[in-house]
Amino acid sequence: MRMFSRPRPGLAFAVALATLGILVPAPGRSAESGPIKVALLAPTSGSAAAAGHDMVAGWTLYWKEHGDKVAGRTIVTTVYDTNTNPGKALDQARRAVEQDGAQMIVGPYLANEGLAVAPYGIQHRIPMFFPTVSADDLSQRQANAFVIKVAGWTSSQTTHVAGEWAYEQGHRKVMTLANSYAFGYENAGGFSQTFTRKGGRIVGQIWAPLGTADYTPYISQVQAANPDALFVEMVGADAVHFLQQWSQLGLKNKIPLIANETTTDQSNIRSLDPALVEGITSFGHFAEGRDAPATRAFVQKYSKAEGVLPSYMATSFYTAAQWIGRGIEAVHGNTAEAGTFLRAVREIKLADSPFGPMVLDQYGAPIDNVYIRKVVATTGDAAKYAKTWNVVTKTYPNVSQFWTWKAADYLKQPPYSPTFQGYSK
Amino acid sequence: MSVRRRWTFALAAGAVVALLLPCLGVPTFYVSLLTQTWIIAIAAMSLDLLIGFTGLVNFSQAALFGVGAYAVAIAATRFHVVGFLPGLGLGITAAVVTAALFGLVALRAEGPGFIIITIALNQIMWGLAYQWVSVSGGDNGITGIVRPHIGPLDVSGNTGYYYVCLVMFALAFALLMTIVRSPFGLVLKGVRETPRRMRALGYNVWLYRYFALMISAAFAGTAGVLFAWYNQFVGPVNLSLDQSTQFLIIVILGGIGTIFGQFFGALVVVFLSNELSAVTQRWMLVLGLIYFVIVMYAPGGLVVLVPRLWARLRGRPVVLAADVPLEDR
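Quick note, the sequences are listed as chains A and B, same order. Going left to right, the first sequence walks through residues -1 to 423 as my numbering numbers them. Going left to right, the second sequence walks through residues 31 to 359 as my numbering numbers them.
One chain only, chain A, in its complex shape (with noise of 0.2 angstroms):
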């Protein structure tokens, strides 16, 4: 007993130490500090650095907004140029994770960067959030706990939507013309199979590749088929082209045009005469002239920071922002375990976003509205950024990916592409 009557300051400390160890958790552990450092993949260079732009934008919006703070913790973003194409993009994620530390990745920008840095990602355990990578396989055949399509899209989501729509206007022979490459396959894929499905006719697909500066012999094709109407997926300047030649041959209120999404997106419409444009009917998960609160609040933001409308890649990634946020939150900043972090991020529900309700299925692509679109002159504050915008005619609440199907049976059937289009021809 005597060894306790003798007075042991340092041991009393020791003892302490060790219950202060016990009650208050190490740093790094259960309470992580430090910055959270993003890589953000975008092409600022390469044919689609106009994309690149809009995405880097919309992020860094969000994060202005918020002070680059979260849950305690501060968000550092990089970003890394993929220079559109899918070896930088590989390059750059190496350099993100292995050199920068980055501890999650958010973009790229195209389907092929996507497929090309998701294998990388899943190896080294990185989350990644794809805002607009819309390849179908990401969340079907090929979906992985660490890839989400955060405020992004699946190609064919809102095709589907269309064949339907098209058959129910009394459309009955219809042709496609879309961009030969994965995207323009799922968005005609899409169509043609739920076209087809209800009884309708494809009368011929025309696949243009992607950098097409003429399309006239194309439009000829669709002239000489005269078809009840035409089926387009366009991206970037292949859309301004195709809409510009499709109004000067004549054809624009002769044959009705039901456009994909990227065609008439906010991006191609801002160069062109209003009298090319106005008018058409679209598919998209979003619609800057959606005439909901929180499109209003974020169109306003955006194009008082930018001078422009909001394209939709810049809206998914301020949305991205917005839900990987509300992730951070949930998991109380703790993000280092990824697992419960991606947890967190696929349970988070946005009630009301720039692109309405969206949620996640369990394979990581959202269920959200799909919208049927016109082009109309902007009115109010909107018309002094742009001359035309897409407003909603229709909405379709909580569209999945997988339409009407169950999904293991829609995961039966191969990915669309130019052999499989969803009906036999």
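Now the in silico label distances, taken between C-beta atoms and shown as ranges:
1) 208(B) / 207(A): 40 to 48 angstroms
2) 231(B) / 207(A): 42 to 50 angstroms
3) 233(B) / 411(A): 56 to 64 angstroms
4) 302(A) / 197(B): 56 to 64 angstroms
5) 403(A) / 55(B): 48 to 56 angstroms
6) 218(A) / 241(B): 44 to 52 angstroms
7) 382(A) / 174(B): 47 to 55 angstroms
Partial selection, computed: residues in chain B whose CB lies under 10 angstroms from chain A:
8) 60
9) 160
10) 188
Only some residues are given here: those of chain B computed to face chain A with a beta carbon under 7 angstroms:
11) 57
12) 58
13) 59
14) 62
15) 161
16) 163
17) 164
18) 168
19) 261
20) 262
21) 263
22) 265
23) 267
24) 311
Hints were generated in silico from the structure; no laboratory data involved. Yeah, the Cβ is synthetic: ideal placement off N, Cα and C, and Gly gets one too.
Since the structure of chain A is provided, determine the placement of chain B on it from the hints.
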């Protein structure tokens, strides 16, 4: 030290450094970039055999490289051929067969005609990769390629794969040096300099060019296979005309007709394009300016820069082999 001994010494020192690098705490990202350098250098050396020794400026080198990459990717993902040697064999065979076909078309012309035809051939292969979706995966490319084991060795990790590519580079270098120094290599040089005289001497110039093209393809295909395993992804970008141009830039930077210089060319291109893009958004512009400066001030390529500076430092004018027209050597 004689020039020859100095080169041997430099080569040995380089080899030791290369072998030790991954163990010296070099960050994994830079080990990856070096791995990429070895692979790209093999492809550039293969092109140097054509440009520097045969006088064929081939713009379809990326097609040969890409065909090797696609062959191994398709074999691995469709037919589960995942071994190192089978993969390598398939890639090389595919590239050589492609070159044998290309040669029949392209070698009907010389000079600018040859260049134009090879550009067209490269575009055809790119078009196939982009449009033949059921085989190539189209624009999405092919993912899910797994790095092979070599016998019992697991070399799929960063460091392991670095050594695989280093050894393959060393092998390719040794083989190519042997080829260009052999009597066959001397004939190629003759074909490059004075095809008419060689014809008069009774050499079948066409056949020598044809063989050189196929040998070059074997190395380009090897590089393609290694690159497919490296990125675990293959896409049309790997056999684009841009990729062909990049190989050409490397050969010009490294030093045409030096074989060894291609390592330096590849090192500069791989590292600069990666480092600059992390520093500035205008990295393409800066990269272009740097290439310009190198070509202006080191016309023989980077590999002759060191001996040249060394000679100037010692105040001794030096005449390098690369500066002397071949006929006067």
